[in-house]
Each structure stands twice: as C-alpha cells, then as structure tokens.
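If you read the sequences in order, they're chains A and B. Just so we're aligned: 49 in numbering that gives the first Met the number 0 is position 50 of the first sequence, and the numbers increase by one with no gaps anywhere. Just so we're aligned: 54 in numbering that gives the first Met the number 0 is position 55 of the second sequence, and the numbers increase by one with no gaps anywhere.
Check before you lean on any hint, since a few could be wrong.
You can't tell identical chains apart in this list, so a pair holds if it fits in one copy or across any two.
No farther apart than 27 Å at their CA atoms in a straight line, the calculated lysine-lysine pairs in the DSS-like style are these [said to hold, decoys possible]: (1) LYS20 / LYS48; (2) LYS37 / LYS57; (3) LYS20 / LYS37; (4) LYS20 / LYS5; (5) LYS37 / LYS48; (6) LYS48 / LYS14.
Rather than coming from a laboratory, the hints here were simulated on the basis of the structure.
2 protein chains.
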Amino acid sequence: MNETFKALADPTRRKILELLKERDLTAGEISEYFNMTKPSISNHLKILKQADLVQDEKRGQFVIYSLNTTVFQDLIGWFFSFQKGEN
Amino acid sequence: MNETFKALADPTRRKILELLKERDLTAGEISEYFNMTKPSISNHLKILKQADLVQDEKRGQFVIYSLNTTVFQDLIGWFFSFQKGEN
DNA sequence: TTAATATTTAGATAATTATCTAAATACTTA
DNA sequence: TAAGTATTTAGATAATTATCTAAATATTAA
Chain A
0 MNETFKALAD PTRRKILELL KERDLTAGEI SEYFNMTKPS ISNHLKILKQ
50 ADLVQDEKRG QFVIYSLNTT VFQDLIGWFF SFQKGEN
Chain B
0 MNETFKALAD PTRRKILELL KERDLTAGEI SEYFNMTKPS ISNHLKILKQ
50 ADLVQDEKRG QFVIYSLNTT VFQDLIGWFF SFQKGEN
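My request is simple: use the sequences and hints to build the entire structure.
Listed below in structure tokens is the structure:
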C-alpha cells in the first residue's frame, strides 16, 4: 500500500492515470502529453507499474499501457473506512 | 488535491489518520504511538492539517486533533471514477 | 511570578525523488 | 544485415522531504 500511495503522490503520474482512463496508450503517446523527456515518463510508468496501478503489454516495438483497476478497489475501501468508521 | 496526495504518501501520516479514526487525540498522545520526536510528529500533523485531512482545536495547553472527513469524500470520488469509468 | 508541561518553530542534515543526457536494447523494415 | 523507431537503463544532479536538536511560545499550577 505504501508503494501505491507514493506512486499517487506525483501529479504527472496522476495525470497519466487520467489519460489511461480514457484509453490505452503507448509509452510514446503518453509522453506527448507532457513537457518532459521520454526517459522521465518511462520512469514514472515504471513506478506506476510497480505500484500495480498500470499494466503494460509489449506489441511489436510499442509498449501499451493500461489501467489496472483492481488496486483502485482497495484504495476505495481504505478511504471508505474513514467515512463510515468501519475497520 | 496535490497537497492531499502528498500528505497521504507518508506511512507515519497514514498511521496518524488511522489512530484518529478511533478517537480524537492530543498531539502528545499521537506522538506516543511513534518512535519519533515530538517535533517530527508536530510537522506531520501540520502537513495533514494543510491538506485538510485533520482539524485541530486548542484546549488549554493541549491541542486536540481530529479527522476532517469531508476531504475523504472527494478522494473516494476521484478513485471511484477509475472504477466506473466516469469523468 | 516561577516552575512545569504541551506544543510548535527554526535551522541543520541526510535520504529520497524527479529530472536530465547519453547509451543500451528491442523490434521492424528496407 | 543495416538503418530507423520505440522504449528503457544508467549515471549524474538539483530539489524536496523526513528527521533531529535546540529554542521559543503558551498554558497551568504552585
């Protein structure tokens, strides 16, 4: 869970997640949305992947990134417990 | 929102939130749960407060901290949009 | 008013993180 | 196989962050 929260702490990474909400994208397509080098974006993608927030699939010379929605479940649960006072 | 996610990125701060889920606590009581100096905890509390995740109220020489649940609503909404594909 | 207690502020430092450039890897196509 | 394209890895650096100690502030009680 710590890795997940750390991954979410960066605005670039949250923006990437929001882009992937719309549709799957290649690493190169993602980098076009930012004023940042491809290696930097690649590093952000790596962090998101290690946090299980995204998945990747190699197709030819491209790597296609997509959301891994299962972890969002857990996060919703975590936040929900503060709302309702569960454990 | 950035301040909020940054605040949540630290495990000590998340532990503080979980303690406050049980009951309101003074700064001193909170610090007893950690192997860390009071100034360090005080700094974490300040960050949580700036992120609107907690509130504080001075009572005599004590400062009582409590959860500010309204921001958790927003967070749940943010995460929910990934689950359901809303905007 | 002095002493004790609770908390925060200030300033320093070590660790972590975001970013860059240069180079490496992997795949495709000519 | 050579050249071109997509992506990642490596290594360096500047900025941010978590933590500490020492000191300041605020409140209570003697």
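How the hints compare with the structure:
Taking the shortest Cα distances, LYS20 and LYS48 sit within 27 Å of each other inside one copy (15 Å), while across copies they are farther apart (30 Å). Taking the closest pair of Cα atoms, LYS37 and LYS57 come within 27 Å of each other only inside a single copy of the chain (17 Å); across copies the shortest separation is 49 Å, beyond that limit. For the identical chains of this complex, LYS20 and LYS37 are intra-copy neighbours only, at 20 Å inside a copy versus 42 Å across copies, given an alpha-carbon limit of 27 Å. For the homomeric pair LYS20 and LYS5, the shortest alpha-carbon distances inside one copy (20 Å) and between copies (22 Å) are both at most 27 Å.
For the identical chains of this complex, LYS37 and LYS48 are intra-copy neighbours only, at 16 Å inside a copy versus 36 Å across copies, given an alpha-carbon limit of 27 Å. Taking the shortest Cα distances, LYS48 and LYS14 sit within 27 Å of each other both inside one copy (15 Å) and across copies (25 Å).
In this structure, none of the earlier numbered hints is contradicted; all agree with it.
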